[in-house]
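Visitor: Take a look at the letters that make up each chain.
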Amino acid sequence: MNLIQEHNTSNVSDSQMIPLINVVFLMLAFILITGNIEKSSEKSPDIQELAVPSSTSNLDQERHDVTVTLDKSGSVYIDKTATNIDDFAETFPLSASDIVEAQVLIRADASVPAHATREVLKKLRDLGLRRISLATVRAYSSD
Amino acid sequence: MVPLIDIVFILLLFFILTKTVVADKQLSLDTAKAQPSQQQETVNVWLENDDGLLVIDGLFVESADQDELDWWIQNKGPNTNYVIDIQEDVSTQGLITLLDRMKQAKASNVTIELDK
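Chain order of the listed sequences is A and B.
Residue 35 in our numbering sits at position 41 of the first sequence; the count goes up by one each step and never skips.
Residue 106 in our numbering sits at position 56 of the second sequence; the count goes up by one each step and never skips.
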């Protein structure tokens, strides 16, 4: 008699767990669908964590050939290579023939002075690049 | 049942720690030099600070007040070229916010002054 009672208690306990498991599975499915695992291999160990600016005009990020990073300290990186604004043209990895169609993404920290971002833009323009975009995260307008 | 729940929780924890739910976006920038034409007036916009204080035609304009900015843009006409110049201590976020506000105010020809 006592054994049967214990068995029933165990069944009740299992069935009470089912809603919890359902919720956990739903969360797992949500995160699998919406999340992107960050490609840590794209980051140079020297590049500080960036807080890119927020913008209401959000285009999905396109494929880009070169990434220029401007971190909080003002350091400039072309892809993973550290450089500075004076050596920018020499460090730039694309040849003149590839530059025309190349797409460049600037990842500038939101707190970096706009003058520094402008200097990078100027260098890119002087190299002949026309397809330049700035990495942002989605901001929602107050409307 | 308990080992299954353990595995699911470990998976959940793994995805929570490694995910980036907000995907990066981009803002396309026009670096081409503005081509002056007889039809299009060019207006220099001076961005004073991160709050969006502008100087247009020698007058202060609060771009944070979207109605005020809309009025200015509409007053200047839709084909006007706006060339944005930036004060020393303005951040990249301040510049992006202004570009957003100009776009919201339907200013279609906005460029950043690069030749200074």
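It should be emphasised that the hints constitute simulated quantities derived from the structure, not laboratory data.
Every residue gets a Cβ at the ideal spot worked out from N, C-alpha and C, and that includes glycine.
Some hints could be false.
30 Å max Cα-Cα, derived DSS-like pairs, lysine-lysine [what the hints assert, rightly or not]:
1) B:Lys156 <-> A:Lys74
2) B:Lys126 <-> A:Lys66
3) B:Lys126 <-> A:Lys116
4) A:Lys66 <-> A:Lys117
5) B:Lys166 <-> A:Lys66
Covered by chain A, per the in silico footprint, the following chain B stretches (three or more residues, Cβ under 8 Å) [said to hold, decoys possible]:
6) 54 to 67
7) 131 to 145
8) 148 to 156
A short, non-exhaustive set of chain B residues, derived as facing chain A with CB atoms under 8 Å [what the hints assert, rightly or not]:
9) Leu77
10) Leu103
11) Lys126
Visitor: Hint by hint, say whether it matches the structure.
Guide: A quick look at each hint next to the structure:
1. B:Lys156 <-> A:Lys74: Distance ~38 Å between Lys156 (chain B) and Lys74 (chain A) Cα, so the pair is violated.
2. B:Lys126 <-> A:Lys66: The hint is violated at about 37 Å.
3. B:Lys126 <-> A:Lys116: holds (28 Å)
4. A:Lys66 <-> A:Lys117: holds (19 Å)
5. B:Lys166 <-> A:Lys66: Since the Cα atoms of Lys166 (chain B) and Lys66 (chain A) sit roughly 23 Å apart, the hinted pair holds (cutoff 30 Å).
6. 54 to 67: holds (count 8)
7. 131 to 145: holds (count 9)
8. 148 to 156: That given contact holds, which follows from 4 residues of the region 148 to 156 of chain B lying within Cβ reach (below 8 Å) of chain A.
9. Leu77: Status holds, d = 5 Å.
10. Leu103: violated (14 Å)
11. Lys126: violated (20 Å)
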